[in-house]
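> Note that the protein sequences, when read in sequence, are chains L and V.
Per this note's numbering, residue 1 is the first one in the first sequence, and the count goes up by one each step.
Per this note's numbering, residue 1 is the first one in the second sequence, and the count goes up by one each step.
Don't read these hints as lab results, they were simulated from the structure.
Wrong hints could be hidden among the right ones.
[Stated by the list, open to error] Interface residues of chain V toward chain L, partial, derived using beta-carbon atoms under 7 Å:
id, residue
1, ALA186
2, VAL188
3, LEU426
[To be verified] Estimated spans, in silico, between C-beta atoms of each pair:
id, chain 1, residue 1, chain 2, residue 2, range
4, L, ILE13, V, ASN249, 46 to 56 Å
5, V, GLU424, L, ILE13, 20 to 30 Å
6, L, TYR217, V, ARG54, 50 to 60 Å
7, V, ALA244, L, ASP36, 52 to 62 Å
8, L, THR228, V, MET50, 44 to 54 Å
9, V, THR412, L, THR207, 49 to 59 Å
[Stated by the list, open to error] Covered stretches of chain V (chain L as the covering partner; in silico rule of three or more C-beta atoms under 8 Å from a C-beta of chain L):
id, stretch
10, 224-238
11, 357-371
Glycine residues also receive a C-beta, built at the ideal position from the N, C-alpha and C atoms.
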Amino acid sequence: MDAKVFDRGDIDIAWCPGCGNYAILRTLREALAELDVDPRQLVMVSGIGQAAKAPHYLRAHVFNGLHGRALPPATAIKAANPSLTVIAESGDGDMYGEGGNHFIHCIRRNPDITNIVHNNMVYGLTKGQASPTSPIGLKTPVQVDGVHLEPFNPVAVAIALDASFVARANAQDREQTKELMKKAIAHRGYALLDVFQPCVTYNKLNTYQWFKAHTYYLDESHDPRDRTAAFRRALERDRLPLGVFYVSPEKPTFEDNAGLYREDPRPLYQRDIDLARLRDLVQSFEAGT
Amino acid sequence: MGSAMRDRSNGDISVVLCGQAGQGVQTVEFLLTRLMSRAGYQVFATKEYMSRIRGGANSTTIRVSDRPVAGAVDRIDLLIPLNEGAVEHVVSRISARTVVLGERQITGDVPVLRACTFFDVPFTAIASAIGNKLYSNVVAVGAIAGLLGIGAEHLRASVRHFFAGKPSGVVEDNVRAADEGYAAVAKVDLPHELTLSEPNRVPARGELLLNGGEAVGMGAIAGGCNFVSSYPMSPSTPVLTFLAQQAKNFGTIVEQAEDEIAAVNMAIGAWYAGARALVTTSGGGFALMTEGLSLAGMLESPLVIHLAQRPGPATGLPTRTEQADLEMAVYAGHGEFPRIILAPGTLADGFHLTQRAFDLADKYQVPVFILTDQYYIDSYYSTPAFELSRIGVEKHIVNTSRDYRRYESGATGVSPRGVPGYGEGLVVVDSDEHDEEGHITEDAQLRVRMVDKRLAKGVSLLRDAVPPELVGPPDYRNLVICWGSTYHAVKEAVSRLERDDTAMLHYRQVYPVPADTADYLRRAERTVIVEGNATAQFGQLLHLQAGIAVTHQVLNYDGLGFSVERILHRLRDILA
Ligand SMILES: Cc1ncc(C[n+]2csc(CCOP(=O)(O)OP(=O)(O)O)c2C)c(N)n1
């Protein structure tokens with residue numbers, strides 16, 4: 001399929017020139033095209049932030065909800081209609097800060113959705129405050145002495161929660177990122193893809209060069225089924241591993257556990273109430289029984 | 001001896017059970033209400049309980065009559081104290097005409113009881129002799145049945161039904177316990193007040209015995225609800241539990257979310273994908289949902305919220321009742337957008353309004369509230385069969401074409417709602433201000449058009465407003481106004497006034513206030529608002545929306561809710 005299918009034509013894009021978001025958007029379109037995802041079956045869900053605008057820049061169904069709240073609707077959309085491909089895409093502040101509780105519990109719930117997080121280690125849209133993943137020492141207009149808080153490690157947290165797919169990418173490596181996106185989208189169950197992305201306006205520390213110098217790709221020696229090894233890799237700090245850290249593909253999904261699609265694949269909007277059963281239920285409250 | 005007033009109609013007995021949490025008051029309540037109803041009586045039961053698992057003091061009031069009864073009373077005709085301290089817990093409700101059935105050894109010599117008739121029945125000793133102290137509750141049920149002259153065959157059938165599925169030894173022991181309780185009072189002479197008229201009837205066909213939580217839960221199912229996401233919080237939890245237990249039967253997805261924020265955002269996502277979703281919560285939980293409510297306003301998403309009120313602020317009184325979250329429901333959520341708030345009065349309302357809430361939400365693409373409270377959710381009574389013949393889901397989903405635009409403008413403000421995967425179009429929704437396609441915009445003119453479009457729905461939806469119900473003479477001079485759960489208590493109090501110049505006006509849609517309100521208020525010389533809060537919130541809302549101030553207020557905010565007597569007493573003062 002041609003990636004142009006996802007093209008919205010000549011639209012105004014609100015990102016800064018040189019922003020890492022452009023690469024992620026382009027790569028995602030290519031990954032979707034290579035997977036032959038029909039835009040009419042694709043729902044892009046996001047929160048609020050610069051990264052969260054991405055769904056508007058691609059032809060698909062869009063649910064652009066509240067800051068921090070992409071995962072709950074994404075979970076529900078997939079549960080209400082499992083034939084849809086659902087991607088929740090937002091920034092690190094959105095997913096790990098405001099939405100941190102949902103991040104944890106979405107992993108536990110394991111809906112069959114893909115979670116792409118643009119991780120620029122800063123709050124872009126609100127003009128450069130620290131994000132949960134900001135490195136210690138990053139100075140901002142609010143963190144005037146530099147960040148003191150221990151950075152949030154989404155990959156380690158996800159592995160600790162036995163997430164069914166955990167990977168990390170670097171936006172500027174378009175080929176590798178595309179392959180990781182394809183794996184994440186094709187994976188059955190919750191898939192986290194944390195994507196390093198420079199913020200050219202507000203993060204002068206984690207630049208294109210910095211990411212290049214401080215990352216490396218996991219090779220065949222890493223077994224993504226080995227949770228302990230995956231966790232150890234997730235804790236590495238000097239050079240940050242990229243690639244698939246961990247997969248736990250046998251877990252039942254949220255939709256599986258809901259049970260109602262086992263015999264009947266119809267999405268909820270096609271279903272009707274069972275009046276006979278309702279009548280029986282009401283009758284079970286009849287007085288004198 | 002407090003407010004216990006003795007102006008009850010004959011053949012209407014108020015039985016009060018009082019004991020510690022965990023002592024089985026609920027079992028006795030369940031057994032007794034089913035038993036009375038099996039024997040042909042109409043029953044009403046309401047409970048008050050403390051926010052704890054064991055200990056404390058809880059009580060249940062059961063009214064038994066050969067006529068419909070559905071309001072709480074203070075008066076106690078027959079008291080069954082199950083533990084030490086039980087009498088003290090309900091002391092203000094005891095009068096010299098209260099008959100006590102219990103174990104003297106447990107209650108001790110409480111001064112207030114000296115004037116009362118006391119039937120000392122050794123429940124515990126009888127139970128122990130049969131083999132287990134735990135049977136003492138069933139002994140008590142037997143004794144109550146005996147005292148009220150209920151046929152022993154009904155008693156045995158009810159006990160068997162209740163313990164069905166238990167080992168036969170347990171069933172037979174309990175039947176014996178009931179029989180021995182029954183026999184223990186066989187020789188006592190009953191005070192006249194405690195005689196029930198012969199029911200003279202078998203329960204009418206389809207007559208139901210259920211509580212408010214069950215009525216709302218079944219209403220949701222009837223409304224096509226197939227997705228529930230919520231976080232437990234008293235007193236809204238019974239609806240969540242009910243729907244979870246029915247989920248397999250009706251193909252519903254029921255999820256306990258990590259918090260109320262997730263719950264409401266899930267529900268909105270579910271509606272977006274074509275489900276019919278409900279959240280059930282209480283004040284504090286709803287406070288967390290308010291940003292989501294505003295999201296529903298902006299996305300023009302349908303949403304059904306069951307908000308069961310309890311006293312606040314903050315954690316307040318978790319297991320008690322109040323009607324003080326009306327203003328929060330009216331004003332919650334930043335920005336301006338329409339909504340509908342329905343407040344069931346009867347159990348049939350709980351069923352039909354909740355069912356209707358789903359259709360209204362879908363039709364107008366607005367949030368719809370079902371506003372109840374602890375009293376409503378936890379109270380049971382016998383009610384005529386629900387009308388099921390017209391139940392059928394009105395779906396308002398369109399098959400989209402290639403050029404589909406989610407927020408296409410039109411006169412009513414309501415744009416056809418598509419769902420992803422149904423048709424050729426793309427469904428784009430955005431919490432930012434958006435264009436007709438749903439994409440983010442900062443165009444000022446478009447902004448104005450979109451605000452006007454959303455607010456236009458607030459006018460359109462008045463067409464489906466649920467009118468208030470007038471009970472009493474249409475040429476009234478005094479109008480007693482109430483809303484939601486106080487329906488029956490106010491109705492009974494107003495009827496006991498026996499005045500042909502006084503009527504009751506009950507609102508089951510509290511927002512937007514139905515258009516004929518001003519006419520109703522203008523016709524009255526005196527208007528009395530009866531509501532369960534300290535600031536007359538609905539009275540204020542009527543003033544704001546209909547332009548007429550109510551002249552008198554009857555308010556209650558002790559957490560225990562209104563009784564018929566207290567309303568009657570206040571109305572007599574005001575209307576004297
Ligand atoms: C409830 C709420 N709080 C705060 C905001 C303001 N806000 C919008 S985006 C954002 C953070 C954006 O950072 P990130 O998610 O990392 O995305 P980026 O802009 O960097 O892509 C904040 C704080 C909001 N919209 N809603």
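> Could you run down the list of hints and mark each one as holding or not?
Verification of the hints:
{"no.": "1", "hint": "ALA186", "verdict": "violated, 25 Å"}
{"no.": "2", "hint": "VAL188", "verdict": "violated, 27 Å"}
{"no.": "3", "hint": "LEU426", "verdict": "holds, 5 Å"}
{"no.": "4", "hint": "ILE13(L) <-> ASN249(V): 46 to 56 Å", "verdict": "holds, 49 Å"}
{"no.": "5", "hint": "GLU424(V) <-> ILE13(L): 20 to 30 Å", "verdict": "holds, 26 Å"}
{"no.": "6", "hint": "TYR217(L) <-> ARG54(V): 50 to 60 Å", "verdict": "holds, 58 Å"}
{"no.": "7", "hint": "ALA244(V) <-> ASP36(L): 52 to 62 Å", "verdict": "violated, 38 Å"}
{"no.": "8", "hint": "THR228(L) <-> MET50(V): 44 to 54 Å", "verdict": "holds, 48 Å"}
{"no.": "9", "hint": "THR412(V) <-> THR207(L): 49 to 59 Å", "verdict": "holds, 53 Å"}
{"no.": "10", "hint": "224-238", "verdict": "holds (count 4)"}
{"no.": "11", "hint": "357-371", "verdict": "violated (count 0)"}
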